[in-house]
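The listed protein sequences derive, respectively, from chains W and G. Quick note: the first sequence uses the numbering used here, first residue 1, plus one each step. Quick note: the second sequence uses the numbering used here, first residue 1, plus one each step.
If you are wondering where the hints come from, they were derived from the structure by calculation, not from laboratory data. There's no promise every hint is true.
Quick list of simulated restraints, FRET-style, between CB atoms [to be verified]: (1) G/ARG153 with W/VAL38: 49 to 59 Å; (2) W/ARG155 with G/VAL33: 22 to 32 Å; (3) G/LEU42 with W/PHE124: 54 to 64 Å.
Remember, predicted model here, so these are calculated numbers, not experimental data. We treat Cβ as the ideally placed atom computed from N, Cα and C, and that holds for glycine.
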Amino acid sequence: MSSATAIARSPALPFVLGVGTLVVALAILELVVSLGLVNPFVMPMPTEVFAALPRLIVEEHAFQRFLLTATEALTAGLLVAIVGIAAGALLYRFVLLRQATETWVAAAASAPTVLLYPLFLVIFGRNSATIVAMGFVAGLAPIILKTLEGLCTTRSVLINVGRSFNLTPSQQFRKILFPAALPTIFVGLRIGLIFTMLNIVGVEFLINFGGLGQLINEMADRYDIPGTYAAILFVVLVSVLVFILIERLERWLRPE
Amino acid sequence: MDATAAATASATKSGTERSAAAPDPILSVDRLVKRFDTREGLVTAVDGLSLTVAKGEFVGVIGPSGCGKSTLFNVIGGLIEADEGTVTVAGQPVNGPHPAIGMLFQDESTFPWRTVIDNVAFPLEIAHVPKAERHDRARHFVRLVGLDGFEKRYPAELSGGMRQRVSMARTLAAQPEIMLMDEPFAALDEQTRLLLGDKLLQIQQELRQTTLLITHSITEAVQLSDRILVMTYRPGKVKRMVTIELPRPRSSEIVSSDEFGHYVARIWSDLREEATKGLRDDEAHLLRGQHP
Numbered sequence: 001m002s003s004a005t006a007i008a009r010s011p012a013l014p015f016v017l018g019v020g021t022l023v024v025a026l027a028i029l030e031l032v033v034s035l036g037l038v039n040p041f042v043m044p045m046p047t048e049v050f051a052a053l054p055r056l057i058v059e060e061h062a063f064q065r066f067l068l069t070a071t072e073a074l075t076a077g078l079l080v081a082i083v084g085i086a087a088g089a090l091l092y093r094f095v096l097l098r099q100a101t102e103t104w105v106a107a108a109a110s111a112p113t114v115l116l117y118p119l120f121l122v123i124f125g126r127n128s129a130t131i132v133a134m135g136f137v138a139g140l141a142p143i144i145l146k147t148l149e150g151l152c153t154t155r156s157v158l159i160n161v162g163r164s165f166n167l168t169p170s171q172q173f174r175k176i177l178f179p180a181a182l183p184t185i186f187v188g189l190r191i192g193l194i195f196t197m198l199n200i201v202g203v204e205f206l207i208n209f210g211g212l213g214q215l216i217n218e219m220a221d222r223y224d225i226p227g228t229y230a231a232i233l234f235v236v237l238v239s240v241l242v243f244i245l246i247e248r249l250e251r252w253l254r255p256e
Numbered sequence: 001m002d003a004t005a006a007a008t009a010s011a012t013k014s015g016t017e018r019s020a021a022a023p024d025p026i027l028s029v030d031r032l033v034k035r036f037d038t039r040e041g042l043v044t045a046v047d048g049l050s051l052t053v054a055k056g057e058f059v060g061v062i063g064p065s066g067c068g069k070s071t072l073f074n075v076i077g078g079l080i081e082a083d084e085g086t087v088t089v090a091g092q093p094v095n096g097p098h099p100a101i102g103m104l105f106q107d108e109s110t111f112p113w114r115t116v117i118d119n120v121a122f123p124l125e126i127a128h129v130p131k132a133e134r135h136d137r138a139r140h141f142v143r144l145v146g147l148d149g150f151e152k153r154y155p156a157e158l159s160g161g162m163r164q165r166v167s168m169a170r171t172l173a174a175q176p177e178i179m180l181m182d183e184p185f186a187a188l189d190e191q192t193r194l195l196l197g198d199k200l201l202q203i204q205q206e207l208r209q210t211t212l213l214i215t216h217s218i219t220e221a222v223q224l225s226d227r228i229l230v231m232t233y234r235p236g237k238v239k240r241m242v243t244i245e246l247p248r249p250r251s252s253e254i255v256s257s258d259e260f261g262h263y264v265a266r267i268w269s270d271l272r273e274e275a276t277k278g279l280r281d282d283e284a285h286l287l288r289g290q291h292p
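Whenever a hint applies, use it, and build me the whole structure from the sequences.
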């Protein structure tokens, strides 16, 4: 085997290639900005963004803000998962309820719920509760819809196996319908939690309260463009964290 | 009375008889009628079908596509209700799924999120058998279907034939008095089907499991059964009951014997007439632009 094929077959290759692509893209960006082809007030040089990170951590308490945003995201995520899955199961169980509300839920999934923030400000005040509530509202519809879809598309032979073993309705749900629907439910969780994350950071920004969203707001207000982008990197970190958690949870709940 | 004697007793009357009686039956189906509401009006799927199965007996049910075989399977299994007639197990009427009846389905029915051993232990888990004990008992059935060594694997890692054996072991683990199977090997290739037939024969001979096998494969029916019920095309009725007097224990080698060929030819001559009706019916539907 030649060394070229050995490299081509290496399991580390996709990772190396991915990181390499990012590095090359950043280097091109660096070059473009330093040559003055792009206004540095629109897009700072990547090296300046990385240089702003220590400042953000020391002076702006970026880690505490990261923790606050992550806590809000996890709280909203947990709430939206519990309520969304339960509501999906209810709509599956009661056909009339499903027929009556499914279109509304689907409409709500594409509605710009972030615009409701003044309402929530009035109800909860300018605090974390408003942010969590906004995240919750944004992520709910896709989770309900995907849970419903997962339950409805469970293969009828699996349901019949359960019936042939005389399962109670609760056993039928816990042992067959729910695990069969899990992969689709997780698709819903991924979509829903993206909306939740967007809304949490967005509302932090809008009401100038809380963690990373507020930090972005403040950095932008000060025209600290590298700082703004560096704060956005922390937001990316929160979503990476949330998605790693979801993946772990799925593998634990449904190994195969 | 043992199954062979029962089969011999009914053999003397076979051929002309319309009812299909076994002495001292554990399962009996009496004048069963099932109709379905379709776009073309009420269709009678099964019409006045009677059948009995003795303890330890292996009965095959064969018929052309659309003869109501699967309807019969679902009614006996208690998954759908009959319009007329009764199904009884050891004298008790069947209304809904009956614990004495184990079902093996045509479609792939393993739980993909459970390992082989947890699939097989499923009915024991439902019966609240403690984990260590249910795994011990499940392991026995895994071995019985020849899947030892695969206990920790997931269905996605197995072939279609192996998955169907997992389902079979799962049904057997509930230790039903009657095993009801609906074309369990239909989705598999011919060679796997013959070998799985061997496995089934071996299991049946070991457990003396009362079995009702629905199939459209004549060789499969003759290879496995003590008696074969040939059904008519829609509405499904008993066309003939054929007693298979091939010696037991059997294996797939029996397929090459003269007697085997004789039974296959005889059943085919009955079935051919019905299958032709079915084909003509389908073609007539297509001519009228409807799906059969």
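(request) Could you tell me which of the hints above the structure violates, numbers in ascending order? (result) Failing hints: none at all.
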